[in-house]
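Residue numbers (the working numbering), protein chains in the order written: chain A, 795 to 1576; chain B, 32 to 186.
Keep in mind the hints are simulated off the structure, nothing from the lab. Note that the Cβ used here is the ideal one computed from N, Cα and C, for glycine as well. Keep in mind that a hint or two might mislead.
Partial chain A-side listing against chain B, Cβ under 8 Å, derived [claimed, not checked]: (1) 819; (2) 823; (3) 915; (4) 990; (5) 1041; (6) 1042; (7) 1295; (8) 1465; (9) 1497; (10) 1509.
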Amino acid sequence: MTVTPASRFVGQSVPRVEDQRILTGSGRYIDDIVLPGMLHGVFVRSPLAHARIDSIDAGRARSMPGVVAVITAAELEGIVQPLQFPMEVANYLRPVFHALASDKVRHVGDQVAFVVAESRYLAEDARDAVEVDYDPLDPVACMEHAKDPARPPVFDDVASNLFYTETMDVGDPDAAFAQADRVVRETLVAQRVAHVPLDPRGGVADYRAGTGELTYHATTQAPHNLRQALAGHLGHPAEQLRVLVPDIGGAFGQKALPCREDLVACAAAKLVGRPVKWVDDRLENMASGGHAREETLELAAAVRDDGTILGVEVKMELDQGAYPYVGLLSPLFGWIVRTVIGSAYRIDSMRWALDVYATNKASYGPYRGPWAAETLARETLIDRIARELGLEPVEVRRRNLLRPDEQPRKLMTGPTLEGLTSLASVERAAELVGLEGFRAEQQRAREQGRRLGVGFSTYIEPAPGPPDYWTSIGFPAGGERAVARLEPDGHLTVMTTQAPNGQGHETTLAQVAATEMGVPLEHVRVLHGDTNAIPYSSMGTGGSRGATMASGAALHATRAVKNKVVSYAAGMLEIAPEDLELADGKVSPKDAPDRGLSLAQVARAVYSAPPDGEEPDLRSAVFFHAPRGGWSGGTHCCVVEVDPETGVVTIVRYLVVEDCGSLVNPAIVDGQIRGGVAQGIGIALYENALYDEDGNFLAGTFVNYLVPTAMEIPPIEIEHLHGLSETFDEVGYRGVGEGGTIAAPAAVVNAVFDALGNPTDIALPLTPERVLELVEQTAAMP
Amino acid sequence: MTVEVTLTANGEQRSAAVEPRCTLADFLRVELGLTGTHLACEHGVCGSCTVLVDGASARSCLMLAVQAAGAEVTTIEGLAANGAMSTLQEAMRDTHAFQCGFCTPGMLMTAAEFLRDSSRPDERAVREAISGNICRCTGYESIVKGILLAAERAA
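Full structure from sequences and hints, please.
Following this line, the structure appears as structure tokens:
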């Protein structure tokens, strides 16, 4: 049979399916869900970083108007199982912890009790009446505290606050440093940041005692993983547990994993016998919703005077906060940094060390490009090398990046690199920004006392990454399922494991399926977020896997249905399948198009009386396993002006040259890139989930946690390269969800440092105060 | 203690008995079922809950329902009827302005007021107009383009 050309919807910026409801106020987010008899739950949260709980007196709260229950750790005993990472991992401490704090609180915002009442207002009234008697302990407020044996352990059941440690030599670092003309060093302190989805976390737990069925409406990126965690930790039969995902107003990794609140809310619904809703307020989301990126890196590069990098030394320290995320191993992100820090560069040797510390802070978790420290570290180090050698930073990249004829090649840590256009992206970015002309302009500006700077940042991201990437990081993620079903009216339903929260999967997967099936876009519905309907995935939306994995799965599921349709139609028309063609919603003999059957005719025939010996419906389930995987990547270029009087950094120009293969929907791709860059600019210049030395949280509102506005984010110019063929791995699409946030911080930092000269160590964010320090420091330099 | 609050929401007179401390946002969302208005910070910074009160933009999280008694309130549900779209909404769709949709209602109400009061705005003016509305997904460029497109189409 003939395949309909795969170009009808794919590759076009078709309007988003989601926009009809989003733009008219008809979206349905977690706080919009109202169930009959629903109660409202709010958490009593710790005002202290570290303290023993001597007693909890909920007597007065329980007697207040509208209060149905006040639940503490004591009430959950035997109902919610204690939490612990389920597998032993060498050198990794695995504390036991609880859904509600029992013996002590471990960070500001730790959850101590759950008040359930008839309205949110009444629940909050009672929350303030719950009396918790705390006995303060010395806080472990930073990694320096965690290293101090005089400070108490965050978890009493494990002896130390050093939760994980590893060292590793890759290649021959001794030889690399022995052969070097010089060693260039850098210290990089990356601050804690928060995800800040505008729609906070939440859930509505609905337990029916009569049937034993527990339905949990949840803001999750991974519905099946949440269902499994709830079933396991609540001891609830999985077949009686359904997770439903409403519209989600942003996630960025914050909603990737089950949280302790989910367990409490579900247990509460079972205890009180009525539906219970919980939704973070902003302070809760900022203080308890999880953080990311707090890492310190000591870097050294063994370089030749011509800029050739022979090897690197990387010492990484990671502040994982107090509680591990449910089911997450915090060293994982360090492992990814270790695996990909060589990127598309010809770097063959590394001395590596990783230490992970527990502190009295919110959990450290996945945030858009969770391993982004590798790009920030490497790309700022490369600029440091360039400045110390008096070379153009682009030239150092040019001399060390892999040429196309050197690929495929293995990263020093194992994963296969192929089809990378990193070098071309640097050249193109330099051309677009007009580097030579810029240097002349920069010089003229400097003579007038103005400080201009340009910064580049080159990266690759595993999106989804080749199979040997996943084995290298020790986290085999596998493929992805999809189910396609032709409905009796000839329309198509595609069931995906993705749990979209802004990515537009209802549009992009429909584009892929409609193109494959040869039907109008409006005849395809993408169904997601219902564990009773969608196929299994332990991951859901994350890891920039959607473009390759979900598209590939949707494509193959649709193709399988198409083959069934043709097979049935062949029987109905008494003609060989290879003599049929499926196009424009009809299966027709190639030589007699007017004798064709519509998809609806075939579907109705099959659904009313499936032929003997054939499968009973037009449904296909597939597991797509991108055999080669592959990378996205590119180069960002940022031009800034730094005001030496005020320390304010203004981004004058920002451009992205990137390669994610073929584009399903270019407008959606560009939106992902721009949004990612905006978050990366926030990390470089504004955002800081700051704690003081006593562990008090200082960033609980949008007044002190600065999310960039339309005044700070410039227009972002984008150009696409296409290093992979459209049929690489059967689908040529690569993910773009994370690259913007991964690459942008280094581009901005490099631009600021280029403007200032060569300041010493990097500490983020580059606030006006910090920039003024750097101005002063560089003014004193010879 | 409750008080009866009557206001006009999207052209329709609506009443509900609420506590005096009930915010306008909660009144709209919980009492009137107009859940298109979103709450993201509840301290007046992010702009997601922006509605028009007697034609002027207001943060419905910082206003009490009783303060809006007798007022004409317009929410995102009032921009166009029965699933249709206004020029602004169509322009936003055509520029792929939004991603997750959570800041969208506030952004649209701010933009609707801005477009009503300014003719042929430039990019700078648009950016200033929406500088009190946080979007975490888009980097703003697509939203700015959408508002400029709506202004062009309305001219």
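Next item on the list: Against the earlier hints, flag every one the structure doesn't satisfy and list their numbers going up.
Entry: none
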